[in-house]
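First to last, the sequence lines map onto chains A and B.
Just so you know, our numbering puts 157 at position 157 of the first sequence, and the rest follows in order with no gaps.
Just so you know, our numbering puts 120 at position 120 of the second sequence, and the rest follows in order with no gaps.
Keep in mind that a hint or two might mislead.
What the hints assert, rightly or not - List time: in silico BS3-like cross-link candidates among lysine-lysine, alpha-carbon distance up to 30 Å: (1) B:K48 <-> B:K183; (2) A:K233 <-> B:K183; (3) B:K183 <-> A:K252; (4) A:K214 <-> A:K99.
I should point out that these hints are in silico values taken from the structure, not numbers from a laboratory.
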Amino acid sequence: MEKIERRQFIKLGLFSTAGILVGSFFAFAKTEKDIEVNSYEDLLKFDWGYIVDTTRCIGCGSCVRACKVENEVPEGYFRTWVERFEITKDETVYVDSPKGAIEGFNRDNAQTAEIVKAFFVPKLCNHCYDAPCIQVCPVGASYRSPDKVVLVDKEHCVGCGYCVQACPYGVRYINEEKGVADKCTLCYHRIQKGLAPACVNSCPRNARIYGNLKDPNSEINKVLHQRRYGLLKPDLGTNPKCFYIGLDKEVK
Amino acid sequence: MDTLSNYIFPNEFHITWTVMIVLYPYITGMVAGAFIVSSFYHVFNMEKLKTVARFALVSSLAFLLFATVPLLNHLGRPERAFYIMMTPNFSSAMSGFGFIYSFYMIIVVLEIWLSYRVEIIDKYNKSNGIVKFIYLVVLLGNANDNENTRRFDKRLVIALASFGIPVACILHGYVGFLFGSIKANPWWSTPLMFIIFIFSAIVSGLAVLIFLYQFVHWMRKRSIDQDCLDLMAKWLWGFMIIAVTLELMEVLSISYENTERWAILRQLIDGKLKLSYVYLQIGLFSIVPFIMLTITSLSKIKNTKVKNLTIWIASVMLLLQVLFMRWNVVIGGQLVSKSMRGFTEYFPGLWDKEGLIVSFLIILVPFVLLYLFDKVFPFFGEKSH
């Protein structure tokens with residue numbers, strides 16, 4: 001066997017490390033295929049859905065921070081947040097989400113009790129098929145886009161707050177500065193260009209997946225075909241489009 | 001499983017509908033209630049109510065004119081308020097608001113105009129110059145007054161009043177429906193809500209009429225039409241029984257069904273709403289006036305001064321009962337987190353845009369308006385000097 005020189009060995013090692021790094025960057029990159037939206041008909045090819053994998057979330061709060069920056073979410077309000085559930089041996093449930101988990105979590109909730117089960121649940125607008133917020137908007141400012149994202153027309157909203165009352169998930173708020181209703185748009189400005197929503201993009205654990213439900217080969221459909229999932233408050237008939245993998249019955 | 005942490009969703013720290021939205025159903029309740037009282041006279045020929053019939057009608061308008069003020073003060077974009085009529089989304093319970101409100105306003109204004117037409121013609125004949133012209137404009141250029149016109153006007157008033165009763169019920173029942181149809185809110189979501197709102201509206205309408213009628217007569221040291229007052233007190237007694245029973249039945253049925261929502265509502269009633277709901281709305285302001293009105297309605301009290309004072313105090317208490325009921329519905333419902341695990345806090349500031357001082361002013365203005373109207377067209381005949 002030919003003896004490799006020390007210098008050559010280091011060179012090989014460096015190159016292969018760089019190769020793995022660059023390769024994995026492309027392999028795990030979350031950008032979807034380029035999307036071409038030129039007409040109304042193009043929009044009809046999409047039905048944007050969302051998956052939250054609660055088994056993967058570590059409660060770091062990156063998504064909350066990314067959303068805040070990307071969408072200029074006002075102080076004290078949230079388009080997305082992360083909840084922490086801690087269930088103790090005597091089946092007591094502790095839930096919290098300090099500042100929407102924008103700074104993550106401290107070990108400060110159920111300190112004394114013995115925790116037997118704990119998990120994080122990110123929350124955001126469910127973009128329901130039968131959204132009560134759209135139903136109750138008196139002026140039609142809350143609407144569903146052709147690609148099935150629930151949006152608010154800020155130029156038309158009167159700020160009555162009826163949609164905030166009607167949403168069972170607490171994802172809407174009144175933007176006090178603008179005087180209109182506000183909520184998660186699934187980063188509509190990004191997904192139209194083929195970019196992932198800020199929260200999906202910033203998640204270090206791939207706990208958030210988004211995609212086109214109308215495309216049978218999309219990642220979201222693959223995951224939905226493989227995994228068992230639940231919906232939030234399904235009894236209210238809102239038909240949410242945000243699918244929760246590993247949903248616990250304590251999550252409402 | 002127990003929930004130890006008082007968890008609410010992070011967007012729920014500020015409640016969306018403030019005390020302004022408490023005032024709106026309170027004021028429209030008085031509008032609808034007062035109108036129904038005036039219709040008792042016009043449509044059902046209750047002659048005893050003649051004394052207050054026109055007063056009730058004008059009170060209804062005075063409150064109606066200011067019913068939208070708290071809403072406009074609350075809207076994030078009040079300059080867009082008319083979008084509700086220009087681009088209504090008919091799947092929304094709220095979209096009909098502008099139309100029902102305007103329609104009702106037209107009915108009330110027409111009815112008042114017709115029932116005051118004779119007085120306006122009289123003023124027109126006695127006045128000169130620009131004032132005379134103003135009266136002519138108000139009369140729409142027609143100053144004819146004879147047997148035929150009076151008969152025709154009366155018939156129109158009856159038609160409007162009978163048409164107005166269902167519209168008044170719709171106006172207010174519909175406000176109840178706005179709340180009752182919100183499935184996301186466990187404290188609001190009940191089909192009983194709009195019926196409760198209609199009956200509580202009649203209670204507040206009757207109560208405010210009794211309150212004002214006696215107050216004005218005491219201030220002016222004039223004798224009270226006892227038959228009229230007794231009848232109104234009896235009606236108040238009857239309607240408050242129905243209203244309070246319905247309010248209690250609602251809670252009873254939720255507790256008996258014992259579904260998930262009772263777990264949280266029980267905590268609400270026993271916690272945040274203990275004072276305003278259990279002690280004040282039900283305890284002090286329902287049971288006490290019920291006993292007072294039972295006594296004045298069933299027993300023969302010879303001393304009318306004591307009797308009338310009792311009725312007056314009961315009517316004031318019932319006005320507060322309805323105010324607390326609105327508070328407990330509107331604010332109480334929002335205190336419950338949609339996480340079903342906790343409660344938020346709310347108390348209006350004193351000087352805030354949607355605070356207590358502003359609320360007090362909004363409530364006061366219709367009374368000032370009534371006072372001014374009385375200067376031009378005295379409700380209870382000319383003042384004795």
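Outcome of the hint check:
| no. | hint | result |
| --- | --- | --- |
| 1 | B:K48 <-> B:K183 | violated, 44 Å |
| 2 | A:K233 <-> B:K183 | holds, 11 Å |
| 3 | B:K183 <-> A:K252 | holds, 15 Å |
| 4 | A:K214 <-> A:K99 | violated, 35 Å |
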